[in-house]
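Asker: Listed here are the chains, written in short residue letters.
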Amino acid sequence: MSEVPLLAVDDLAVEFRTRSGTVRALERVGFALARGETLGIVGESGSGKSVTAFAIMGILDAAARVTAGSIVFGGLDLLTASERTLQEMRGRELAMIFQNPRAALNPIRPIGRQIEDILIRHANVLPAQARIRAIEKLAAVNIADPERRARAYPFELSGGMCQRVMIAMALACSPALLVADEPTTGLDVTTQAVIMDLVADLARREGMASLLITHDLGLAMDYCDSIAVMHAGHIVEVAPAAELFRAPRHPYTQKLIAATPRPAARLGDLAAIPGGLPDLRRDDLPPCRYSARCERRGEMCDETLPMIEIAAGHRVACQYPQ
Amino acid sequence: MTALLSVDRIEKRYAVGGRGLLARLRQEKPAFLHAVDTVSFTIGRGETVGLVGESGCGKSTLVRLVTRLIDPTAGAISFDGTDTAAVPAKRFGRSPLRSRIQMVFQDAEGSLNPRFTAFDAIAAPARRLARLSAAALKARVEEVAALTGLPRELLGRFPHQLSGGQKARVGIARAIVDVSVQVVILRLLDDLKRRLGLSYLFVSHDLNVVRLLCDRVLVMYLGKIVESGPADAVFAQPAHPYTKALLSAIPSFDPGGKRNAVRLSGEPRSPIDPDPNVCRFYGRCPKGVERCATAMPALTMVTPDRQVACHFPETEPKIARSAADKALNGETLSS
Amino acid sequence: MTQSLRHIRYVLAANPVTGIAFALFLLLLLLALFGPTLAPYDPLTSDTASALQAPSSRHWFGTDQLGRDILSRIMVATRLDLGIAGASVVLAFAIGALAGTAAGFFGGWTDRIVGRSVDTIMAFPLFVLAMGIVAALGNTIVNIVYATAIINLPIYARVARSEANIRREAGYIEAARLSGNGEARILLAYVVPNILPIMMVQISLTLGYAILNAAGLSFIGLGVRPPTPEWGIMVAEGASFIISGEWWCAFFPGIALMLAVFCFNLLGDGLRDIVDPRMRT
Amino acid sequence: MLILRRLAGSIPSLIGVVIVTFLLTRALPGDPAAYFAGPAANAQAIADIRAKLGLDRPLPEQFLGYVVDLAHGNLGNSLTTGQPVLIELVNRLPASAELTLLGLAFAVAIAVPLGILAATRPGSWIDHLCRMLATAGVSLPTFFTGLLLVYLFYYLLGWAPPPLGRLDIFNTPPQSVTGFYLIDSLLAGDPSLFLACLAQLLLPALTLGIFALAPLARMTRAAMLTALSSDYVRTARASGLTRRRVIFVYALRNALLPIVTTLGMVFSFLLGANVLVEKVFAWPGIGSYAIEALIASDYAPVQGFVMAMALLYIALNLAIDLAYGLIDPRIGVGA
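The listed protein sequences correspond, in order, to chains A, B, C and D. Residue numbers for the first sequence follow the numbering used here, so the first one is 1 and each next one is one higher. Residue numbers for the second sequence follow the numbering used here, so the first one is 1001 and each next one is one higher. Residue numbers for the third sequence follow the numbering used here, so the first one is 2001 and each next one is one higher. Residue numbers for the fourth sequence follow the numbering used here, so the first one is 3001 and each next one is one higher.
Treat the hints as calculated values from the structure; they're not laboratory data. Quick reminder that beta carbons are idealized off the backbone N, C-alpha and C, glycines included. You can trust all of the hints, since none of them are fake.
Pairwise CB distance ranges, derived in the manner of DEER restraints: (1) P3122(D) to D279(A): 23 to 33 Å; (2) T3242(D) to A68(A): 27 to 37 Å; (3) A1236(B) to P3122(D): 52 to 62 Å; (4) P3058(D) to L2033(C): 49 to 59 Å.
Chain D is nowhere near these chain A residues, computed Cβ spacing over 10 Å in every case: (5) V4; (6) V23; (7) A34; (8) E44; (9) S45; (10) L76; (11) V125; (12) A139; (13) P240; (14) T260; (15) G268; (16) E309; (17) H314.
Output of the computed footprint for chain A on chain B, the stretches with three or more beta carbons under 8 Å from beta carbons of chain A: (18) 1186-1197; (19) 1205-1217; (20) 1243-1250.
Looking at chain A on its own, in the form it has when it is part of the complex:
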């Protein structure tokens, strides 16, 4: 990927001020995403996946503070851009879909109108025209009878249908990047497959890059070009999907693969991940936050935590990658 990446996150650190101390949610997070590429961010809950997504969109809540790093999108550092510029870009150049779609839609406003709001705001479309364009967008996400459905409210639609509306809203102005935060976690398996296929097809057709945040390693394998594995606020390994599965080098990635029930696996093959996530409020955290749970731990682990490029696009943050 020689040309300038669409999105380049570098050395990103985020902290949350809470009553019970400062949580160092993210530390030295870095990855790049080319135009039209799909990157998956995988990790257990509480690993900081969603915080990364929210930081990119600039919608972290008030208690959060970005203490370091840069998020360069299309040549502009989002962290230093003004709120006005960000507001212009959100929904037009970068868009997001969320986990439980029904809660993420305005309960007392017809879904058609919610799409029109975005079209009127970003695509300077006249209200009358916006109504027709909104119906087109609904049709584009395979919603049957879009004319009638546009007047429906979220409580009248199924989970899968609501997520399609979310996708229609996100892609209304054909953004360059789609961030998807656990988009299908609450949905049934069959609906999940349909939604993921829909997102993949639309992304390919529009040449849109997408960032898939998920705890389901299998989903990431199936739908992402490359995958970043996160643990306790660190990116421990980034690699093309096939390579990551065939030759994982970080101990945590290996354990994660071993602990995920796969079609071919037998109960005996599965191994649990020992221990738990470290308490991110402590200020004496070691450089490698996996060391407490790692059986490959050596003295080098206490000094620094390198990010070694062991193959094209395959980087691992470990002193003893095997």
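Assemble chains B, C and D onto chain A, guided by the hints.
Answerer: Below, chains B, C and D alone, put in the same frame as chain A:
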């Protein structure tokens, strides 16, 4: 050998609407939601049967019927030879069978009384059912806790002071059985099955987990069982189109993903007063034909241990095991 | 137990306002118990010579139109005002909470009966209903307690009913059924203990309202009859002197009334912080 | 259709009100006839009164009589004025209505913007002001606030006229069209009269307003905070909608639901507090009418007053339900 549990044409219907004062005045005939519709199956002694289906298919209602938390609208359940439907749910608490049919909840958090310590939670059923003396009760609770790998000093803690895994173990200790995706818990279930000779009805929407643990599997769709058989056989050659769609929807760990998968279109039919002679899957089924809309396919024996409820079951192996699956199988990364 | 004590201390430290309210509550309790003995003067003996004197070193809160010391009357009145409010809240809680929990948990007919009767009481503006009841039954203290209890009852019934309803299908209730408990036993041993904390918040909030209500009734002549010292009556008697400038007759009993209500409202908010599980870090 | 269902909904409350008011009239301590006949009356006079009032007939018959009277609007006669209670109530209602509505308008005009500002600027001085005002406001006894305001603005500053009724002695009331002095004086095109009426209205309306302000401000702030931290507002912000549209179209409209529900409770407080404020400001509304009747222990007007207030309150609740139905589509279709 007689089955430990046999369920015969069980049904459960809930009245929907039409119960309000106004509705009764206008004599509106109340509509009925057919949550469970003539379901029959058996569980052998020491056998683990998986119950798979998506939300709204009626599996949780079926479970509450089997554990006698609710009364069936029709049909019979016999446990170890005695008819359990005779004792109404309200008074089932006092029947000797109560202690022999237990249930564990997926959501460990919600299933523990926030006001009870771990000890109380485990002791409650034993105290009610086994009528043990205090000392005997304490010993029994500690024994069961040890069996499920719950450290003794945690017994005095409240739920909000326990981690997810510990809460799941308390749930297990309470009912000796738990369902949770975490490998350690799955491993524990398998271990307990051998040591205590338990039989499970293992309910999940995650087919990978079901395949790991279950001998046989039942696939449910909108209140009816559409396919049942040995787990490996059903997973290898699904006969019912819905099972095929379910299986192809599971992430296959085949990088680059497969685009020829079977995808369901449209929305599920309404379970309220469904037309008795239209196949519940008609409309979404890739193979739906005119006959499916006129005659409800019955659950018929396809091979000695496999049943399918479809006019056009696929018995011969259609989808060859994908190359990737075979490669992966040989080269698994056990620790 | 130490864990919750530490938590209470943590919450009190976190927002000092609750601490002040707690101190105020102790003061009120003290006055209610020992008011008469602590009062500098006898609240009832009138001394027309020193009527309507402004607050002075001898009479900190001044004297009323009959020359009685206002400070002493306020201190003695505490027992009556808190007593009326306390009795009516306990009555309302006992009936309301139980009826509400049963309605929420068992549903069906119990729910319909309790629901209908609560709606009927709620069909009246609360204070107006209290007026109607006391007017009909005669304004004795007992009737004021009944009236205030009746209008507070719906608040408990509604809260208990919704909380019980949510918990009816909770996992641990089904688990309790699984371990062979009868429905009634589940209600008392599993549902009620989990509702109590939320009810405590309601109790302190309605205590404030009950005091206001009782004083309101006295103010319009439906409450305690003079010369018994009670905050509402004292403000009513002092009202006519406001226009002629003797502000203290109505001012001090009014302030006492406001502080008492303020204290219980703050306690209610503070309790909500302690009780609300989300707050428990 | 929605209105019909709502109307049907309030019928049980109406019946309840009639029953309760009937019980109140009949639950008099001692013998009402003796009471009405006055202390000097002999046994015979009391018996006549009892017969006249129909108190000797069995209770259900009395109830029927009561309902029939109600239907004809006969609320009995006031002993002190001899006038039918209904007429007196109708004459005095505009005074109370004008006061209450102005008080409410004042409360809503202050509380809603304050609540929104407090929610959109958490932790700012306006947030603390809102919270402090809310807790203090609820604790302020209305009659005490009234007296304080009178002392401050009339006695000390002299800005406000003496608290002696709707109009000072120098002006004659405007020609009564609506009964609302403010409107009638405007209709009569007499600005100085309008100002005089307004001056009289200010303090009592302010007293009522402060009392209603507290719960409204607290609920507006809480509702806005919940709405602003909701998933759909997060989606709106992630879609780049302008801050104004996010706050007013997405957050506020959803927050209106709980605010409208609180109005029901606020009306209950207002109608109750009205009585107290009318006593403090000698306001000739139905509240003071009831108080005068109470002092003369003349029960018919009191019961009439309680009935009138209840009907007014039911009507207001009905209006709130309708407003709720308009804002929230789920109510219109569902339920």
